[in-house]
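> This is what each chain is made of:
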Amino acid sequence: MANEYRKELINDRSKKAKQIVSHPLFGFVILTIILAGVQLLFMFTEDIISLTVSKAIAQTLIYAIVGMGFAILLGYAGLASLGTAGFIGLGSYIAGNMLKLIPFPVPYILIIGAVIIAGIVLGGVVGFISLRIEGMYLAIITLGLSEILLELFKTPNQFTGGASGLKSVPWAKLAMFYEMDREKMFFLILGVLFITIVFTINIINSPTGRAMLAMKNSQSAAQAMGISILKYRLLAFVLATIYAMIGGALYVTYLRASNTSSWTLALSLNVLAAVIIGGYRSVWGVLMGTFVIFGLDLAVLKNIDFFNKYPGSSAIFSGVLIVLIVMFYPGGLIRLFADIKTLIKSGIEKWKVYRYGKDYK
Amino acid sequence: MAKIINSVIVRRLIRKRNRASSDYELNHTYLAVAKEILAEQSRMDTDIKRGKIEKSLNALQQKAMSPKEKAQQSMEEKIEKLNKNQRLPRLAVEQTYLRKIEKQGKDAAQEYKSAALKKLDDKLSAIKDKFEGIIKLSPSEKDEASEKAYTLAKAEYDRKLSEFEKHNKEKSEAKYARIEKKVSAQNSRLKAKIDACSQKLNGRKAAAQKQLKDTETILQLEELEMRFGGVKAVDKLSFEVKEGEIFGLIGPNGAGKTTVFNCITQFNKPTGGNIYYRNKNNEVMDLTHQKVHNIIKTGIVRTFQNLELIWELSVLDNMLIGSHVLYSAGFFDHLFHTRKLKREEKIMKARALDVLDRLGLIAYKDVIPFGLPYGILKKIELARTLMVNPRLIILDEPAAGLNEAETEELARTIHKIRNDYECTIFLVEHDMGLVMDICDTVCAISFGKMLAIGTPEEIQTNAVVQEAYLGSAVTEDEDE
Numbered sequence: 001m002a003n004e005y006r007k008e009l010i011n012d013r014s015k016k017a018k019q020i021v022s023h024p025l026f027g028f029v030i031l032t033i034i035l036a037g038v039q040l041l042f043m044f045t046e047d048i049i050s051l052t053v054s055k056a057i058a059q060t061l062i063y064a065i066v067g068m069g070f071a072i073l074l075g076y077a078g079l080a081s082l083g084t085a086g087f088i089g090l091g092s093y094i095a096g097n098m099l100k101l102i103p104f105p106v107p108y109i110l111i112i113g114a115v116i117i118a119g120i121v122l123g124g125v126v127g128f129i130s131l132r133i134e135g136m137y138l139a140i141i142t143l144g145l146s147e148i149l150l151e152l153f154k155t156p157n158q159f160t161g162g163a164s165g166l167k168s169v170p171w172a173k174l175a176m177f178y179e180m181d182r183e184k185m186f187f188l189i190l191g192v193l194f195i196t197i198v199f200t201i202n203i204i205n206s207p208t209g210r211a212m213l214a215m216k217n218s219q220s221a222a223q224a225m226g227i228s229i230l231k232y233r234l235l236a237f238v239l240a241t242i243y244a245m246i247g248g249a250l251y252v253t254y255l256r257a258s259n260t261s262s263w264t265l266a267l268s269l270n271v272l273a274a275v276i277i278g279g280y281r282s283v284w285g286v287l288m289g290t291f292v293i294f295g296l297d298l299a300v301l302k303n304i305d306f307f308n309k310y311p312g313s314s315a316i317f318s319g320v321l322i323v324l325i326v327m328f329y330p331g332g333l334i335r336l337f338a339d340i341k342t343l344i345k346s347g348i349e350k351w352k353v354y355r356y357g358k359d360y361k
Numbered sequence: 362m363a364k365i366i367n368s369v370i371v372r373r374l375i376r377k378r379n380r381a382s383s384d385y386e387l388n389h390t391y392l393a394v395a396k397e398i399l400a401e402q403s404r405m406d407t408d409i410k411r412g413k414i415e416k417s418l419n420a421l422q423q424k425a426m427s428p429k430e431k432a433q434q435s436m437e438e439k440i441e442k443l444n445k446n447q448r449l450p451r452l453a454v455e456q457t458y459l460r461k462i463e464k465q466g467k468d469a470a471q472e473y474k475s476a477a478l479k480k481l482d483d484k485l486s487a488i489k490d491k492f493e494g495i496i497k498l499s500p501s502e503k504d505e506a507s508e509k510a511y512t513l514a515k516a517e518y519d520r521k522l523s524e525f526e527k528h529n530k531e532k533s534e535a536k537y538a539r540i541e542k543k544v545s546a547q548n549s550r551l552k553a554k555i556d557a558c559s560q561k562l563n564g565r566k567a568a569a570q571k572q573l574k575d576t577e578t579i580l581q582l583e584e585l586e587m588r589f590g591g592v593k594a595v596d597k598l599s600f601e602v603k604e605g606e607i608f609g610l611i612g613p614n615g616a617g618k619t620t621v622f623n624c625i626t627q628f629n630k631p632t633g634g635n636i637y638y639r640n641k642n643n644e645v646m647d648l649t650h651q652k653v654h655n656i657i658k659t660g661i662v663r664t665f666q667n668l669e670l671i672w673e674l675s676v677l678d679n680m681l682i683g684s685h686v687l688y689s690a691g692f693f694d695h696l697f698h699t700r701k702l703k704r705e706e707k708i709m710k711a712r713a714l715d716v717l718d719r720l721g722l723i724a725y726k727d728v729i730p731f732g733l734p735y736g737i738l739k740k741i742e743l744a745r746t747l748m749v750n751p752r753l754i755i756l757d758e759p760a761a762g763l764n765e766a767e768t769e770e771l772a773r774t775i776h777k778i779r780n781d782y783e784c785t786i787f788l789v790e791h792d793m794g795l796v797m798d799i800c801d802t803v804c805a806i807s808f809g810k811m812l813a814i815g816t817p818e819e820i821q822t823n824a825v826v827q828e829a830y831l832g833s834a835v836t837e838d839e840d841e
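Each protein sequence line maps, in turn, to chains A and G. With our numbering, letter number 48 in the first sequence gets 48, and the count goes up by one each step, no holes. To convert, take the position in the second sequence, counting from 1, and add 361; that gives our numbering.
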């Protein structure tokens with residue numbers, strides 16, 4: 001191995017600490033620990049964290065899971081979908097009905113398995129549609145599908161509870177006997193989020209992620225390189241749908257209710273907004289976007305009188321943010337950090353040149 | 362019915378065999394890569410160990426020195442450090458001095474400069490004074506026990522290092538032997554699988570095989586026809602490409618050259634005729650029955666007239682896209698980043714770096730291709746085709762948009778690729794210079810019909826070609 005450039009294939013044992021810090025999951029582990037700490041603060045102290053904040057964080061994390069699936073779909077496969085809300089709703093109803101109707105305690109893994117199977121079926125259907133239609137028209141079709149699902153939810157029946165929605169869903173059991181409550185559910189959501197992050201990062205750093213990006217950039221090149229458009233479009237849709245449905249299942253088991261009015265176009269647009277504002281090519285971006293769109297709204301803006309007085313005015317906030325981001329930061333808010341970093345670096349460089357002269361190095 | 366079942370089974374067998382044979386080849390590459398990587402790893406580990414031993418040796422040496430020597434050494438170190446630290450302040454003084462000249466005049470600036478420099482010098486001399494005092498006072502006897510320990514350690518040094526090296530080598534050799542054993546076991550399994558598949562295939566379709574006239578022919582177009590509505594883009598075109606040659610397809614604008622390519626790679630499904638191709642197992646297959654994304658598995662790779670690179674990925678990742686079909690790791694391997702996937706990624710990366718190095722693109726490996734010079738981009742696209750060890754490379758106007766120097770470079774590269782990778786190259790080109798320069802055989806077409814085929818000299822002197830291709834241009838020139 002005489003060639004210098006091949007060094008990247010070898011792990012350098014002298015830089016073990018650096019390797020741990022620069023590992024892509026390091027930051028997420030820290031984030032998970034911090035969020036768990038926040039929940040522990042809520043559980044064991046009185047005033048620091050209120051129930052509203054804990055609930056807001058949990059819901060935001062659920063939407064982050066959904067957002068990650070959407071980021072794979074939009075940022076990697078290049079397909080737009082406005083059917084997210086319908087998929088989340090369907091996942092929540094499936095999970096809720098499993099808990100309500102099955103007489104013996106349902107282990108959580110079974111719920112997850114059921115929504116994954118449903119996600120594969122539904123995602124496959126939409127994926128096949130996406131083979132024929134692209135871009136805006138695909139978004140319209142998925143929107144139509146979501147609206148059909150919404151109408152189905154609204155019609156009075158015992159499974160969805162009609163317009164009033166599914167109520168008083170029993171707490172899930174983690175295994176057969178370990179009963180959950182709201183506080184324990186938070187940790188489950190956190191765990192699922194972490195696993196989702198790991199899987200998402202693994203997918204986007206694997207040949208699958210590359211193949212999806214190739215497909216998004218140039219279909220003909222992708223085909224010439226042996227990438228089957230059918231396979232990867234289906235895969236992207238199936239993944240996005242599974243993520244959305246798992247989000248729905250977590251939602252209904254955390255809040256114990258699923259309201260028909262939650263699963264409207266507004267939610268789909270909010271997910272889209274979160275992913276675009278954060279940056280659809282990065283998991284950090286998605287997390288940041290969901291915290292800006294959902295977290296701010298649920299935890300902060302709802303406590304301000306003005307926004308309570310005029311419900312829906314928080315949409316103005318996210319709308320303005322989208323306009324600004326799309327105009328000035330097409331890569332999403334996550335680009336802001338990179339830009340700030342380069343700005344600081346160049347500033348320091350300039351100052352050094354001023355202070356020490358041009359050839360100070 | 363039996364025919365359909367037969368064809369399904371045959372297709373499955375072929376797929377199985379192809380998978381197995383590509384895995385078999387990859388395993389060989391893996392062995393080479395693993396050997397190199399293990400050697401490099403053990404070298405690196407030895408370096409780290411050497412550093413550690415030297416560090417402890419230095420500590421012992423420090424201990425063995427007399428207090429006087431110790432003080433001397435620490436003074437030297439301190440002064441060196443101070444000199445290093447004072448470099449930037451001195452530069453800053455210089456800069457401030459230059460600015461002060463403009464603002465406050467020369468005298469004030471000179472005053473400031475001398476004061477500031479004196480401050481720095483004072484610091485230096487203060488430390489010198491302090492240490493000289495210490496050196497004078499400290500005794501010069503050495504500690505015998507630690508001196509002995511140091512000499513002992515020094516004698517040990519080489520032995521320790523060589524021992525470690527030996528141990529390390531043994532370890533890495535054992536590891537390599539383990540890998541080799543595993544891989545060879547896998548390979549013998551794969552080989553058995555391949556043989557079994559071929560045997561079954563031989564039993565199944567002896568009759569269906571089409572034989573090409575010439576055993577050297579790699580690609581044969583037979584009465585190829587492509588219509589777009591009422592327009593015949595390609596009209597009963599037949600020619601043969603021989604193995605190992607550089608074959609050029611020329612023709613005026615709109616002659617249907619790119620359509621021929623698209624038909625071969627199945628981007629356009631031909632409306633008539635057959636395209637026969639001899640794959641590496643020496644079997645003749647009809648490409649018209651293949652799907653677009655399966656063409657690359659037969660060993661045919663193409664480039665595009667307008668660059669089709671993945672602009673969101675680095676050059677190295679673009680190369681890895683080229684080897685997408687070689688990965689045998691499935692989706693769950695991707696999901697969990699299993700050892701299998703990591704191994705394959707290592708192989709592919711090593712291969713990509715190798716190709717990039719050969720084409721002189723290694724400097725660009727981590728760059729996003731967007732914004733690179735056009736000649737480099739063309740080369741990257743060419744490099745991407747080499748990731749799968751192709752048998753036939755199809756280049757769609759490789760010289761379009763390049764200047765003369767870049768075209769010459771490209772011609773050299775194409776020759777190099779043909780010789781290094783032992784593949785056939787089939788290209789469409791407008792640049793007559795390039796075509797006449799590098800092609801072994803040239804085929805001229807016009808309006809989808811064959812005009813002439815032969816060596817470049819024959820084509821150049823062919824009257825029909827001249828009339829169709831150059832005729833109008835010549836008369837225009839005469840008009841002027």
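In short, the hints are calculated from the structure, not lab data. Misleading hints may appear alongside valid ones.
Here are the simulated EDC-like pairs of lysine to aspartate or glutamate, each with C-alpha atoms no more than 16 Å apart in a straight line [stated by the list, open to error]:
no. : chain 1 : residue 1 : chain 2 : residue 2
1   : G       : Lys810    : G       : Glu673
2   : A       : Lys15     : G       : Glu673
3   : A       : Lys216    : G       : Glu673
4   : G       : Lys810    : G       : Asp596
5   : G       : Lys597    : G       : Glu584
6   : A       : Lys358    : G       : Glu455
7   : G       : Lys810    : G       : Glu828
8   : A       : Lys361    : G       : Glu584
9   : A       : Lys15     : G       : Asp406
10  : A       : Lys352    : G       : Glu455
11  : A       : Lys16     : G       : Asp406
12  : G       : Lys641    : G       : Asp384
> State the violated hints by number, sorted upward, taking the hints as numbered earlier in the document.
1, 2, 8
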